[in-house]
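Position in the first sequence counted from 1, then plus 10, gives you this note's numbering.
It is worth saying that the hints were derived from the structure and are not from the lab. Be aware that a few hints might be false.
Claimed, not checked - Mimicking BS3-like on lysine-lysine, the simulated pairs with C-alpha atoms at most 30 Å apart in a straight line are:
hint, residue 1, residue 2
1, Lys-205, Lys-503
2, Lys-223, Lys-35
3, Lys-503, Lys-223
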Amino acid sequence: MHEAYDFEAIQEKWLPIWDQIEPFKSGRSSDVRPKKYVLDMFPYPSGDLHMGHAEAYALGDVIARYWVQKGFNVMHPIGWDSFGLPAENAAIKRGTDPKAWTYENIEMQKSSMRRYACSFDWDRTLHTSDPEYYKWNQWLFLELYKKGLAYRKDSAVNWCPSCQTVLANEQVVAGLCERCDTAVTKKKLNQWYLKITDYADRLLDDMADLEGKWPEKVLMMQRNWIGRSTGAEVTFEIEGRAEPLTVYTTRPDTLHGATFIVVAVDSALAAELAAGSSIQGNFTEYLEKTKAASDIDRLATDRPKSGVFLERYAINPVNGEKLPIWASDYVLADYGTGAIMAVPAHDQRDLDFARAMHLNVRTVVETGEDDPSISGIATIGDGIIVNSGSLNGLSKEKAINKIIEELSAKGLGKGAKNYRLRDWLISRQRFWGTPIPIIHCEKCGEVAVPEAQLPVQLPDATGMDLKPKGSSPLGAADAWVNVKCPQCGADAKRDADTMDTFFDSSWYFLRYTSVQFDDRAFDQDEVKSWLPVDQYVGGVTHAILHLLYSRFFTKVLHDLGYLDFEEPFTRLLNQGMVQMDGSAMSKSRGNLVRLSDELNTHGVDAIRLSLVFAGPPEDDIDWADVSPSGSFKFLNRAWRVSGDVTSNPGVDFSTGDLALRKITAKSLFDISFAVESFRFNVAVARIMELVNATRKAIDSGCGGADPAVREAAEAIAISLSLVAPYTAEDMWERLGHKPAIALAGWPAIDSALLEADSVTAVLQINGKIKDRIEVSPNISDADLEKLGLANEAIKAELGGAEIKKLIVRAPKLVNIVI
RNA sequence: GCCCCGAUAGCCCAAUGGCAGAGGCAGAGGACUUAAAAUCCUCCCAGUGUGGGUUCGACCCCCACUCGGGGCACCA
11 MHEAYDFEAI
21 QEKWLPIWDQ
31 IEPFKSGRSS
41 DVRPKKYVLD
51 MFPYPSGDLH
61 MGHAEAYALG
71 DVIARYWVQK
81 GFNVMHPIGW
91 DSFGLPAENA
101 AIKRGTDPKA
111 WTYENIEMQK
121 SSMRRYACSF
131 DWDRTLHTSD
141 PEYYKWNQWL
151 FLELYKKGLA
161 YRKDSAVNWC
171 PSCQTVLANE
181 QVVAGLCERC
191 DTAVTKKKLN
201 QWYLKITDYA
211 DRLLDDMADL
221 EGKWPEKVLM
231 MQRNWIGRST
241 GAEVTFEIEG
251 RAEPLTVYTT
261 RPDTLHGATF
271 IVVAVDSALA
281 AELAAGSSIQ
291 GNFTEYLEKT
301 KAASDIDRLA
311 TDRPKSGVFL
321 ERYAINPVNG
331 EKLPIWASDY
341 VLADYGTGAI
351 MAVPAHDQRD
361 LDFARAMHLN
371 VRTVVETGED
381 DPSISGIATI
391 GDGIIVNSGS
401 LNGLSKEKAI
411 NKIIEELSAK
421 GLGKGAKNYR
431 LRDWLISRQR
441 FWGTPIPIIH
451 CEKCGEVAVP
461 EAQLPVQLPD
471 ATGMDLKPKG
481 SSPLGAADAW
491 VNVKCPQCGA
501 DAKRDADTMD
511 TFFDSSWYFL
521 RYTSVQFDDR
531 AFDQDEVKSW
541 LPVDQYVGGV
551 THAILHLLYS
561 RFFTKVLHDL
571 GYLDFEEPFT
581 RLLNQGMVQM
591 DGSAMSKSRG
601 NLVRLSDELN
611 THGVDAIRLS
621 LVFAGPPEDD
631 IDWADVSPSG
641 SFKFLNRAWR
651 VSGDVTSNPG
661 VDFSTGDLAL
671 RKITAKSLFD
681 ISFAVESFRF
691 NVAVARIMEL
701 VNATRKAIDS
711 GCGGADPAVR
721 EAAEAIAISL
731 SLVAPYTAED
741 MWERLGHKPA
751 IALAGWPAID
761 SALLEADSVT
771 AVLQINGKIK
781 DRIEVSPNIS
791 DADLEKLGLA
801 NEAIKAELGG
811 AEIKKLIVRA
821 PKLVNIVI
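Using the sequences plus the hints, can you model the full thing?
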């Protein structure tokens, strides 16, 4: 009897049966299993699934299926992040509605996911572009608005000339649009912002709880991004101006070393100080030049310093010195107060500026390094404070505390914090997104759309011009945009911008608990019973944007009383990327490996196995290093084991071959441990070992009739079901069981089988191995020492040498130092 | 420039202070076969990037460096 392992037949056979059984349904009220929430980042429907999706979903599936086997009621939902630019761009290109393109792609991805045997609960899907979903975006926006966390302001914003829309700070990468790599420019616009900066401290400090549960890399990136710095604000009088000037500094200890003041050239203060003065012309010219420069130019740190002296002076509050005030582009208008005290001796940027403009340099920290005014290198380190009156002789830290105290007492300054994080700009001048539920009325101003009128639905795109032209296409949809003011009834206009799609994805994990619920965004009881997410799986590309925003929303919803937790994702796993020949797969590079081709050639299970086995999940996979045919061969081998088992289901395992039983028990133990610590590649290796051992037992050991062989084969099938569900299900049937193997339950391990009869102890002299002996695992130190010293190889090696030290670690080793 | 992570066989990767090799890929030989494929068996291969240190003992801990990957970067 040697039927062939036919992956296509197996796939076709089991898929419809699973559809009937629905082993992964998580919403049954009668379900008494403890709950677990395993979440994969939802995809953007830009086409069919690709290799990257395949890896992520294979990994998420191992985790979800494992917890189901362990007896948990696992919620493992999927949905689509279906608003966004690609749909709109495709629609423009083809002259169709973004909706049609989007939902066609969703159907395609959905059917690929089913075939890929993802253990999703299909009753919980959502699409962010459904009015039933984005209605709650609008509700949430209004909640934020009522709390003052959503506001409009005029500001010079990041503008992508190619996408013709504004971008959040987070979407600008090295001065380029993250989507299309066009150089981002600045544009003065009135836009909607969310006050994420109000949460900066909590977003930063609460990361302590995620330590060890999220990848260190992600925590570090978020810390960098929030960029909290501590220091002080110091007030300087300006000659001839009633209002003083405040600067932010991290080094108030160097206040006596300040020799000039710099204000951001594009700040209001600079314009005011320059107004009407003799240098007004120079200033304006410099300002225009700065504005024309792209971010990339402006951010280049090796650029020579430039600036204009404003012919005004500030007074140093600690020593009364007159400090010239300069305007320069190296000070940023939107960080701190937009003005700095320059301490050239101890800040490289200030020193570069001082040397370019021939300004004074005064050392106030004695660090033992060369004089900065001669070396041109600012001394940043700690040292003894000098030339600083009451601070003289102190260390940096003590001086900082003291000067803050002194300034506070006189009302001239105070301790202060600053953040790199800016408020989140959410307006987008595009069509395919959630309309902002605000109506602009000439009389009443901004008016929130009443909750009863939500959702503000997108109009049909048919006949609309969606081409990017710098203003929202919705603004031209007259029938849509013109409304009556909900407050006074006068003619008014809808806000024509749509929301950044990151808004949509910042709370979708809550909606999964109650996708049909139409009273609220989510059912609070359901959320309470499922959230926070136990395990989140997704790419590191979202390390800042999506994860930071989701954490922010969770904290806001907590504060609004809707949630009783403050962090949405308890554990996070970042999978690496799938590459080809060392670089990202792409059509233009010509190194694209099509997932569907691979699935057709090798089968779903072989591809899933290859991706899981390729290495640690967080490492990048190079498809050139992967052998799907090798995976297929292994599955074949495992599957054939099930055909060689001749005992019946239910046979008493305890009468089986002890050696094989021990291997099975150890394997199950190791596989569990490896899965729970995300070392899926190691788990697979352990399954391979078990298959090898079972093969050997069948062919040249206890034989296929031994109950231990059945025990091993069932263990193989169940553990393999995490990675290769089709093969495992078929094995399960061949072993005489009914589907679904997904619900078979993780085999119980008899702990007695985990204890070894004997272990190998190593005998060392000076740390070098001289012999190995088999001993009882329970041997005492004294007995092991005796055995070691009596050992022939050791005795021969020792000769008559004096033993200086003896280290015994029963039952593993004896080390004799001579 | 600052910060983080990594480096083990031809290749992908195991080994969480105690035997460097679990698993796989590639390669070689053999069994089976008329033959091939498939299958099965056997074999080959490094002393852990470099240099120091701690330790009875270091791939593992510490320091410095090299190379690779990533993050931040005129944020005062």
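Hints and how they fare:
1. Lys-205 x Lys-503: holds (25 Å)
2. Lys-223 x Lys-35: The hint holds at about 27 Å.
3. Lys-503 x Lys-223: violated (47 Å)
Hint check: a violation occurs at hint 3 only; the rest are consistent with the structure.
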